[in-house]
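Chemist: Quick note, the sequences are listed as chains A and B, same order.
Residue numbers for the first sequence follow our numbering, beginning at 1 and rising by one.
Residue numbers for the second sequence follow our numbering, beginning at 1 and rising by one.
Don't read these hints as lab results, they were simulated from the structure.
Ideal Cβ positions, reconstructed from N, Cα and C, are used throughout, including at glycine.
Heads up, a few of these hints could be off.
Derived pair list, reagent style BS3-like, types lysine-lysine, alpha-carbon separation capped at 25 Å [as the list claims (entries may be wrong)]:
id : chain 1 : residue 1 : chain 2 : residue 2
1  : B       : Lys81     : B       : Lys17
2  : B       : Lys44     : B       : Lys17
3  : B       : Lys98     : B       : Lys83
4  : B       : Lys83     : B       : Lys115
5  : B       : Lys83     : A       : Lys91
6  : B       : Lys98     : A       : Lys91
7  : B       : Lys115    : B       : Lys17
8  : A       : Lys164    : A       : Lys51
9  : A       : Lys91     : B       : Lys72
Quick list of simulated restraints, FRET-style, between CB atoms [claimed, not checked]:
id : chain 1 : residue 1 : chain 2 : residue 2 : range
10 : A       : Gln108    : B       : His196    : 26 to 36 Å
11 : B       : Glu79     : A       : Val84     : 26 to 36 Å
12 : A       : Ala41     : B       : Asp114    : 14 to 24 Å
13 : B       : Ile126    : A       : Asp237    : 51 to 61 Å
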Amino acid sequence: MADSAYSFSLTTFSPSGKLGQIDHALAAVKQGATSLAIKAADGVVVATEKKSPQLVDPASVQKISLLDEHVGLCYAGMGSDARVLVKSARKECQTYRRVYEERIPIAQLVRHLATVMQEYTQQGGVRPFGVSLLVAGYDETGPHLYQVDPSGSFWAWKAAAIGKNMVNANTFLEKRFSNEMELEDAVHTALLTLKEGFDGKMTADNIELATVRPDPDNNNIPTFQVLPPSTIKEYLDEI
Amino acid sequence: MSILEYNGSGVVAMCGKNCVAIASDMRYGVQQTTVATDMHKVYKMHDKVYIGMAGLATDMQTLVQRFRFRLKMYELREERKIKPNVFANLVSSMLYQKRFGPYFVEPVIAGLGDKNKPFICAMDLIGAPVYTDNFLVSGTSSEELYGVCEAMYRPNLEPDDLFETVSQCLQAAVDRDCLAGWGAEVYVICPDRVIHKTLKSRQD
Numbered sequence: 001m002a003d004s005a006y007s008f009s010l011t012t013f014s015p016s017g018k019l020g021q022i023d024h025a026l027a028a029v030k031q032g033a034t035s036l037a038i039k040a041a042d043g044v045v046v047a048t049e050k051k052s053p054q055l056v057d058p059a060s061v062q063k064i065s066l067l068d069e070h071v072g073l074c075y076a077g078m079g080s081d082a083r084v085l086v087k088s089a090r091k092e093c094q095t096y097r098r099v100y101e102e103r104i105p106i107a108q109l110v111r112h113l114a115t116v117m118q119e120y121t122q123q124g125g126v127r128p129f130g131v132s133l134l135v136a137g138y139d140e141t142g143p144h145l146y147q148v149d150p151s152g153s154f155w156a157w158k159a160a161a162i163g164k165n166m167v168n169a170n171t172f173l174e175k176r177f178s179n180e181m182e183l184e185d186a187v188h189t190a191l192l193t194l195k196e197g198f199d200g201k202m203t204a205d206n207i208e209l210a211t212v213r214p215d216p217d218n219n220n221i222p223t224f225q226v227l228p229p230s231t232i233k234e235y236l237d238e239i
Numbered sequence: 001m002s003i004l005e006y007n008g009s010g011v012v013a014m015c016g017k018n019c020v021a022i023a024s025d026m027r028y029g030v031q032q033t034t035v036a037t038d039m040h041k042v043y044k045m046h047d048k049v050y051i052g053m054a055g056l057a058t059d060m061q062t063l064v065q066r067f068r069f070r071l072k073m074y075e076l077r078e079e080r081k082i083k084p085n086v087f088a089n090l091v092s093s094m095l096y097q098k099r100f101g102p103y104f105v106e107p108v109i110a111g112l113g114d115k116n117k118p119f120i121c122a123m124d125l126i127g128a129p130v131y132t133d134n135f136l137v138s139g140t141s142s143e144e145l146y147g148v149c150e151a152m153y154r155p156n157l158e159p160d161d162l163f164e165t166v167s168q169c170l171q172a173a174v175d176r177d178c179l180a181g182w183g184a185e186v187y188v189i190c191p192d193r194v195i196h197k198t199l200k201s202r203q204d
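Bound-form chain A, shown alone (with noise of 0.2 Å):
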């Protein structure tokens, strides 16, 4: 994949300092499904859009994707890059745990990830990934979100909208955002926020939902967890 016959970069600086094959990967990414993450005081959700045709079927679609006990990522634009980002960083995740026997923090795999979206604006003969990454966790020292651009800039946010309807939907979650937010009201606002710029009418099967959160039922182990489509229905039902 990368070990190409091309000694030579394809992403070249132009006269402005401008790096086109970032943009336009970034531009690739606008035109992807809204995907929007909100960390609250005792975890993150993870929303997105599952816009599929009519014949497509919504439950082999799978936009949010569990790299480890505590970890999760969802991807706005192209999918199939993201397949090959998930399937990296759930090896890291599990390198981690070979070497150490204990769960990455979720910065160092984030750190990873990015420097695996930087080299490919840097080595021979391969394209920038076109999908910026919402990265959901919670480690030792809590709840984490993350945003991975295709350049490999990373930045922690405290709530994030990326893909097709990302300026409105980071306008709404600046409004309603609050630094003591608790995770169920995090959901309902992460509802609101997908509805806002929602095509349609939302339903359990046109959208993902995930928490990464202590798990009650397992003595407060953080665990990222798909809710599945009747959860979402209770969710949708309240707001």
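Since the structure of chain A is already known, use the hints to place chain B on it.
Modeler: For chain B alone, kept in the frame of chain A given last:
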């Protein structure tokens, strides 16, 4: 003659009440010749994690350097100190990486973990770990150490009593071993301080 018996050593770790002790002899020998009597076999990784290594001296020294490297990288990346059980797993995986050309050391790790819970762990030269809550031994004097520790150990000893027990066990055991002895070094690791004493023992 086994390569693990080339230099000679005796290392022991014991759990006490909210404290752990780790001790070793100080002989540096080349088979029957004693070359020095001030060789450290217990190394501090950080305030709450210590590792003692029995076996081939050169591998012990190299491993100390490798552990220090990995720990510094860990602390830079993770912005925290490594826990003893995590360190034990790191040692285990580093040793197993050399499964078919191993380091000839058998380490003993002692430290205080989460909430200052006592932790000890020993492993063989290819990283198979054993965890207990009483005591662990390693070295050419390991069989002698097993005997004395089994007889003298009691659970939940206070730091001073633990120090006495570990010291007596180590000295009695290495006195029976011609390849270990010539002085001893004891560390008792408590949540707020570390007691470090060097023992003058039989110099033979």
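Chemist: Please go over all the hints and tell whether each is borne out by the structure.
Modeler: Results of checking the hints against the structure:
Between Lys81/B and Lys17/B the CA atoms are separated by roughly 23 Å; this keeps the pair inside 25 Å, and the hint holds. Between Lys44/B and Lys17/B the CA atoms are separated by roughly 21 Å; this keeps the pair inside 25 Å, and the hint holds. Between Lys98/B and Lys83/B the alpha-carbon distance is near 23 Å, which keeps this suggested pair within the 25 Å criterion. Restraint check for Lys83/B and Lys115/B: the C-alpha separation of about 11 Å stays at or below 25 Å, so the hint holds.
A C-alpha spacing of about 23 Å is found between Lys83/B and Lys91/A, which places the hinted pair at or below 25 Å, so the restraint holds. Under the criterion of a C-alpha separation no larger than 25 Å, the hint pairing Lys98/B with Lys91/A is consistent with the structure, at around 22 Å. At most 25 Å may separate the alpha-carbon atoms for a hinted pair to count; Lys115/B and Lys17/B meet this at roughly 13 Å. Straight-line distance between C-alpha atoms of Lys164/A and Lys51/A comes to about 12 Å, which keeps the hinted pair within the 25 Å bound.
The straight-line distance between the Cα atoms of Lys91/A and Lys72/B is roughly 24 Å, inside the 25 Å bound, and the hint therefore holds. At about 34 Å, the beta-carbon gap between Gln108/A and His196/B stays in the expected band of 26 to 36 Å. For Glu79/B and Val84/A, the Cβ-Cβ distance of about 29 Å falls inside the hinted range of 26 to 36 Å, so the restraint holds. Between Ala41/A and Asp114/B the Cβ separation comes to about 23 Å, which falls inside the hinted range of 14 to 24 Å.
Checking the proposed 51 to 61 Å range against Ile126/B and Asp237/A shows it holds: the Cβ atoms sit about 58 Å from each other.
This entry satisfies every hint, going by the numbered hints stated previously.
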